[in-house]
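Student: With the hints as extra help, turn the sequences into a complete structure.
The listed protein sequences derive, respectively, from chains B and X.
Per the numbering used here, the first sequence starts with residue 1, numbered consecutively.
Per the numbering used here, the second sequence starts with residue 79, numbered consecutively.
Please keep in mind that the hints were generated in silico from the structure rather than gathered at the bench.
Quick caveat: nothing in here was measured; it's all calculated off a predicted structure.
Here a beta-carbon is modelled for each residue, glycine too, at the ideal position from N, C-alpha and C.
Among the hints, a few may not be true.
To be verified - Some, not all, of what chain X presents toward chain B, calculated at C-beta under 7 Å: (1) 330; (2) 335; (3) 338; (4) 350; (5) 352.
Claimed, not checked - Simulated DEER-style distance windows between Cβ atoms: (6) X:249 with B:69: 29 to 37 Å; (7) X:323 with B:33: 46 to 54 Å; (8) B:66 with X:188: 30 to 38 Å; (9) B:69 with X:327: 28 to 36 Å.
What the hints assert, rightly or not - Straight-line Cα separation of at most 27 Å, DSS-like style, residue types lysine-lysine; simulated pairs: (10) X:330 with B:15; (11) B:15 with B:35; (12) X:262 with B:15; (13) X:287 with X:262; (14) X:246 with X:330.
Below are the chains, spelled out letter by letter.
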Amino acid sequence: MWGGEHVLYHHPSGKTHLLNEGSALLLRCVLITPKDVAAAARELAELQGGLLDERFVGHVTGLIMRFDELGLVEPVPT
Amino acid sequence: MAAAPATVATLGPDGFKARLIGEGLGLRLGPFDVLLRVRVPHITSALYHLYRHYPLLDADRVFSCHLSMYRVRAWRKGGTPMVRTLIDGRVPHEDMPAAHALPVLEWALNLAIVMRHQGYLMLHSAVVEREGCALLLPASPGHGKTTLCAALAHRGWRFFSDEFGLVKPGTRAALPVPRPMPLKNESIDVIRTFAPDAHLGPSVAGTRKGTVAHVRAPIASIARAAEPAAIRWVVFPRWVAGAALELEPVPKARAFMELATNAFNYEPLGLAAFQTVRQIIDQADCYHLAYSDLEEAVVRLSSLPSAVPA
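Tutor: Okay, here's the thing in structure tokens:
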């Protein structure tokens, strides 16, 4: 981590990703246990001291979908 | 005191030619031992002048790679004479015009290094050194890295490479591979003017990259080709016509991504490459450089402080 930006090496794909502070927080602190998008958004908003509104939930949904595409997270059965 | 190793010059032009077309010429290029066999008479003299200061190896050893080039017969009357290249007995690309043999041979040497030495992290970067600190100049083709590198190499910097930032994984030490520097098009006259003492090979027109002429690596850099240096600066250069000089710090995470994506073999090396780039970026000052005036760029880079701030 340098200056609020994170560089992540993903072993299974061998790819390297650049993450901003929010994305890194979501991946490293929020998605360490299974949860739905609403819970993830709520927890991230609390960690960042930000507003939890529809726009933010949409943003977190987009991030989780992108993480899934990259193989950084995976869906689990509920 | 150990005797200095024999250089290619000890063969003289005739002995050089005989080796090239006969048993092969063993050359040490930084960490690589290469056996060259070249049966293309019109480039022999230029090759001799470009390589005369390199350590000469006897042919009775294991080489990192064997590189051959020979003329092939034109199948139709009036056809363009062509040359064929072999790397360890295999033909890596189509035959090329014999008139372009010299740059083609140099490109084949680059290819041989990339193909045969995947154990090193290979950054697509020029590298020079001063006061024990290496400066990486990673850039895509056309950004002026060879020209800038040639200029620095003729203003007191030790020349490592204009093409390969070679790093042993797990370290942040750049390894020298001093080879002739291929200038293209307008850069040829730029360097002739900037460094009148530079030795340039013949200009070869009409290649895939336009007109190409090689600058011989400085003798002192060849003599110290076994001495690595820790990477102290990473500067991403870009020549922009008419631009005022700008040297802007780059956030380290951005520099990491730029450096990693610029490597020839970052993904095949996997975690070892990631850790090596991290080590480099952690310890280096990173900048974007935009310039149009070569003299100004050389002065600015030469003023970068080598001491690491406490």
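Student: Next step is simple, just say for each hint if it's right about the structure.
Tutor: Hint check results:
1. Because the smallest distance between the Cβ of residue 330 of chain X and any Cβ of chain B comes to about 4 Å, under 7 Å, the interface hint for this residue holds.
2. Checking residue 335 of chain X against chain B: minimum C-beta separation of about 5 Å stays under 7 Å; hint holds.
3. This hint holds: residue 338 of chain X has a C-beta 6 Å from the nearest C-beta of chain B, less than the 7 Å allowed.
4. Taking 7 Å as the C-beta contact cut-off toward chain B, the hint placing residue 350 of chain X at the interface is violated, the least distance being around 10 Å.
5. Proximity of residue 352 of chain X to chain B holds as hinted, the smallest CB-CB distance being about 4 Å (cut-off 7 Å).
6. Distance hint check: the CB atoms of residue 249 of chain X and residue 69 of chain B are about 35 Å apart, consistent with the given range 29 to 37 Å.
7. Checked against the hint of 46 to 54 Å, the pair residue 323 of chain X and residue 33 of chain B passes, with Cβ atoms roughly 52 Å apart.
8. Checking the proposed 30 to 38 Å range against residue 66 of chain B and residue 188 of chain X shows it holds: the Cβ atoms sit about 37 Å from each other.
9. Between residue 69 of chain B and residue 327 of chain X the C-beta distance comes to about 32 Å, which sits within the given range of 28 to 36 Å.
10. Pair hint residue 330 of chain X plus residue 15 of chain B holds up; C-alpha atoms about 18 Å apart against a cutoff of 27 Å.
11. Distance check on the hinted pair: residue 15 of chain B and residue 35 of chain B sit about 25 Å apart at the alpha-carbon level, within 27 Å; holds.
12. The suggested pairing of residue 262 of chain X with residue 15 of chain B is violated, with an alpha-carbon distance near 34 Å, which exceeds 27 Å.
13. Note on residue 287 of chain X and residue 262 of chain X: the hinted pairing holds, with a Cα-Cα distance of about 7 Å set against a maximum of 27 Å.
14. A distance of roughly 21 Å separates the Cα atoms of residue 246 of chain X and residue 330 of chain X; the hinted pair therefore holds under the 27 Å criterion.
Of the numbered hints listed earlier, those contradicted by the structure are 4, 12.
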